[in-house]
Amino acid sequence: MTAPVARIVTTRMPSAPEPIRLFYVNNVFRYSQSYLKREREFCQAGVELVGCNTPEADGEMLALLISSLKEVGLREVRVDLGYASLLKDLMNAAVLDTQQKASVQGLLACRDSVGLQQFMEQNSFPSDLRDAFLELSRCRRLDEVSSISLSGSKYDKLNKQLDSLTELQKTLVDYEIDDLVFFDFSLTKKIEYYTGIVFEASVPNLGLPLGGGGRYDNFIEKFGKLKLPATGFALEIGKLLQALNAQGSEIPDDTKSRVIVASKFRDTAIEAVKVLREGGVIASLEITGRSLEKTIEYAKLTETDYVVSVVSSLKSTVTVYDIKTNASRNVMFETFLKELGGRC
Amino acid sequence: MNKKIRIAIPNKGRLKKPAIEALGQAGIEVLEEERAYVSETSDPRFEVIFARANDIPVYVQYGAVDLGVTGHDLIQEREANVLELMDLEFGKCTLVVAVPEESTINSLGEVPALTRVATGFPNITRKFFEKMGKQVEVLEVSGTAELAPKLGLAQIIVDLTSTGETLKKNKLKIIGTVLESTTRLACNKIAYRTFEKQINELIARMRGGMEKE
Chain Z
1 MTAPVARIVT
11 TRMPSAPEPI
21 RLFYVNNVFR
31 YSQSYLKRER
41 EFCQAGVELV
51 GCNTPEADGE
61 MLALLISSLK
71 EVGLREVRVD
81 LGYASLLKDL
91 MNAAVLDTQQ
101 KASVQGLLAC
111 RDSVGLQQFM
121 EQNSFPSDLR
131 DAFLELSRCR
141 RLDEVSSISL
151 SGSKYDKLNK
161 QLDSLTELQK
171 TLVDYEIDDL
181 VFFDFSLTKK
191 IEYYTGIVFE
201 ASVPNLGLPL
211 GGGGRYDNFI
221 EKFGKLKLPA
231 TGFALEIGKL
241 LQALNAQGSE
251 IPDDTKSRVI
261 VASKFRDTAI
271 EAVKVLREGG
281 VIASLEITGR
291 SLEKTIEYAK
301 LTETDYVVSV
311 VSSLKSTVTV
321 YDIKTNASRN
331 VMFETFLKEL
341 GGRC
Chain A
1 MNKKIRIAIP
11 NKGRLKKPAI
21 EALGQAGIEV
31 LEEERAYVSE
41 TSDPRFEVIF
51 ARANDIPVYV
61 QYGAVDLGVT
71 GHDLIQEREA
81 NVLELMDLEF
91 GKCTLVVAVP
101 EESTINSLGE
111 VPALTRVATG
121 FPNITRKFFE
131 KMGKQVEVLE
141 VSGTAELAPK
151 LGLAQIIVDL
161 TSTGETLKKN
171 KLKIIGTVLE
181 STTRLACNKI
191 AYRTFEKQIN
201 ELIARMRGGM
211 EKE
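Those protein sequences? They're chains Z and A, same order as listed.
Residue numbers for the first sequence follow this note's numbering, beginning at 1 and rising by one.
Residue numbers for the second sequence follow this note's numbering, beginning at 1 and rising by one.
Source of the hints: derived by calculation from the structure; they are not laboratory data.
Keep in mind that the hints are not guaranteed to be accurate.
To be verified - Keeping only pairs whose Cα atoms sit at most 27 Å apart, straight-line, the calculated DSSO-like set for lysine-lysine is:
no.: 1; chain 1: A; residue 1: 168; chain 2: A; residue 2: 150
no.: 2; chain 1: A; residue 1: 212; chain 2: A; residue 2: 12
no.: 3; chain 1: A; residue 1: 4; chain 2: A; residue 2: 16
no.: 4; chain 1: Z; residue 1: 70; chain 2: A; residue 2: 3
no.: 5; chain 1: A; residue 1: 134; chain 2: A; residue 2: 173
no.: 6; chain 1: Z; residue 1: 88; chain 2: Z; residue 2: 154
no.: 7; chain 1: A; residue 1: 131; chain 2: Z; residue 2: 189
no.: 8; chain 1: A; residue 1: 92; chain 2: A; residue 2: 168
no.: 9; chain 1: Z; residue 1: 239; chain 2: A; residue 2: 4
no.: 10; chain 1: Z; residue 1: 70; chain 2: A; residue 2: 4
no.: 11; chain 1: Z; residue 1: 264; chain 2: Z; residue 2: 324
no.: 12; chain 1: A; residue 1: 127; chain 2: Z; residue 2: 189
no.: 13; chain 1: A; residue 1: 3; chain 2: Z; residue 2: 239
no.: 14; chain 1: Z; residue 1: 101; chain 2: A; residue 2: 127
no.: 15; chain 1: Z; residue 1: 264; chain 2: Z; residue 2: 294
no.: 16; chain 1: A; residue 1: 92; chain 2: A; residue 2: 131
no.: 17; chain 1: Z; residue 1: 300; chain 2: Z; residue 2: 324
no.: 18; chain 1: Z; residue 1: 222; chain 2: Z; residue 2: 157
no.: 19; chain 1: Z; residue 1: 189; chain 2: A; residue 2: 197
no.: 20; chain 1: A; residue 1: 131; chain 2: Z; residue 2: 101
no.: 21; chain 1: Z; residue 1: 324; chain 2: Z; residue 2: 338
no.: 22; chain 1: Z; residue 1: 338; chain 2: Z; residue 2: 300
no.: 23; chain 1: A; residue 1: 171; chain 2: A; residue 2: 150
no.: 24; chain 1: Z; residue 1: 70; chain 2: Z; residue 2: 239
no.: 25; chain 1: Z; residue 1: 227; chain 2: Z; residue 2: 160
no.: 26; chain 1: Z; residue 1: 256; chain 2: Z; residue 2: 239
no.: 27; chain 1: Z; residue 1: 70; chain 2: A; residue 2: 197
no.: 28; chain 1: A; residue 1: 127; chain 2: A; residue 2: 92
no.: 29; chain 1: Z; residue 1: 190; chain 2: A; residue 2: 127
no.: 30; chain 1: Z; residue 1: 190; chain 2: A; residue 2: 131
no.: 31; chain 1: Z; residue 1: 101; chain 2: Z; residue 2: 189
no.: 32; chain 1: Z; residue 1: 338; chain 2: Z; residue 2: 274
Note that this is a predicted model, so its numbers are computed, not measured.
Use the sequences and the hints to build the structure in full.
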């Protein structure tokens, strides 16, 4: 959804005060080139933070990602974070051609450290760069990364990026999430698009990432004149449900009750439907004039929870037929509405 | 979390025995080899699942198992997004393009447009010819692709060969190579994060076992 959001920011919000914080929950359609028969429509919830590229902005996204997952009810949440621009600059510093870059990325993505070492030896990598590559691919914690630096002024840009990771690490400490965010140099997806950190969230019980995001400072300008740094992430709702399921969590059932109101007193029945609907209940009026037995039969076939028969006033008792238990009882209308969790 | 690490290995075929041996050399003895889908091992941290080799890439990608022993060719064919942590070096084979011996086609360049290609590897085959800029009709067959030219189903086949015997027996000649393959230790990306220490230890032991040979 980042592209549509970028378009909105450029065309509809050109003078919005920065930073801009946006969120969405939407169905996303993705045409995949893959021949696998994957679903192409899925629901995504995401946020974008536009107009700021400080470590605090990155930290805010990571903190929001983690708290969102916790809020949903997931346990053992972790985020793994790579650094797209650092990898790009390291490969440029080693003067690799397109094919060599692809090989390095492939080896990193496969976590083939033996292959990576061989490749760097065969392609006569400068030893300081080789050490940095291997060290980075071994690092799992952000504070380990901060101990790496390259000497020589030609590496100033690289060192600056390494420093910014240290700053991010400190931000995460302040958010008290530094023990949940791990470094993973092999995260190289969409490296052409991301310009800073790139990250992915997961839980041990599910073998697929729940979602992820990263910094994309050069993307929004593609939609117009605005040049704005930005970062964001998206979560796949379906994956969250799968993960909750895998962790054995009860997914709260907030489906609304369905009620049919049947009565020969049309005015009271219409009022009852109105009050039920206002109270958050899915209510409908019996309009066919069929008998109560037939109405109950219809309710059974349409997954309705209750059939309510009202008399001339809602102030008196109503008869409630519970379709699931097949029982009926007389109860005050107000009490019934409260039982359904509705408001009067 | 004390979840066991699940390793999928082929339930039959030429990869099964060497896969069990490779684990054995790493100190993981499979205890119930016969007729079990899930087997305990001598190392309580690991359990073994027997599955079809060509399903293993999907099992691993979706995290149904944490690790899997399967062919590089199958991982490519299923387009599985998995880590290939280690080349186990057995089950060596080559995916080749072959035509009948009497065919006038002698190289890939001579394959005419809209040729019918029979293969058990439709994805790899389609991509291979697309990359060459050749439009071919890919017919998926499961097994015995070498029969296709004889029956007039296809002019060309893309099939696995390890010694070349079957191709020769069916009077087919190789005109190009699509992919060299060996057996790999595939790993689910998230499982690697969760069990990095245990998995790296397993790999080190398997490497040690292979060097001893």
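Right, here's what the structure says about each hint:
1. A:168 - A:150: 13 Å, holds
2. A:212 - A:12: 26 Å, holds
3. A:4 - A:16: 21 Å, holds
4. Z:70 - A:3: Judged against 27 Å, a Cα distance of about 21 Å means the pair holds.
5. A:134 - A:173: 20 Å, holds
6. Z:88 - Z:154: 15 Å, holds
7. A:131 - Z:189: 22 Å, holds
8. A:92 - A:168: Holds, because 18 Å separates the two Cα atoms, which is no more than 27 Å.
9. Z:239 - A:4: Answer holds: residue 239 of chain Z to residue 4 of chain A is near 22 Å, not above 27 Å.
10. Z:70 - A:4: Distance ~25 Å between residue 70 of chain Z and residue 4 of chain A Cα, so the pair holds.
11. Z:264 - Z:324: Distance ~24 Å between residue 264 of chain Z and residue 324 of chain Z Cα, so the pair holds.
12. A:127 - Z:189: 21 Å, holds
13. A:3 - Z:239: Since the Cα atoms of residue 3 of chain A and residue 239 of chain Z sit roughly 20 Å apart, the hinted pair holds (cutoff 27 Å).
14. Z:101 - A:127: Answer holds: residue 101 of chain Z to residue 127 of chain A is near 22 Å, not above 27 Å.
15. Z:264 - Z:294: 15 Å, holds
16. A:92 - A:131: 24 Å, holds
17. Z:300 - Z:324: Holds, at roughly 8 Å.
18. Z:222 - Z:157: Given that 27 Å is the threshold and the Cα spacing comes to 25 Å, the pair holds.
19. Z:189 - A:197: The hint holds at about 24 Å.
20. A:131 - Z:101: Satisfied, since the Cα-Cα distance of roughly 20 Å is no more than 27 Å.
21. Z:324 - Z:338: The given pair, whose Cα atoms are some 19 Å apart, holds under the 27 Å limit.
22. Z:338 - Z:300: 23 Å, holds
23. A:171 - A:150: 9 Å, holds
24. Z:70 - Z:239: 14 Å, holds
25. Z:227 - Z:160: Distance ~22 Å between residue 227 of chain Z and residue 160 of chain Z Cα, so the pair holds.
26. Z:256 - Z:239: 24 Å, holds
27. Z:70 - A:197: 26 Å, holds
28. A:127 - A:92: 22 Å, holds
29. Z:190 - A:127: 21 Å, holds
30. Z:190 - A:131: 21 Å, holds
31. Z:101 - Z:189: 13 Å, holds
32. Z:338 - Z:274: 15 Å, holds
Taken one by one, the earlier hints all hold for this structure without exception.
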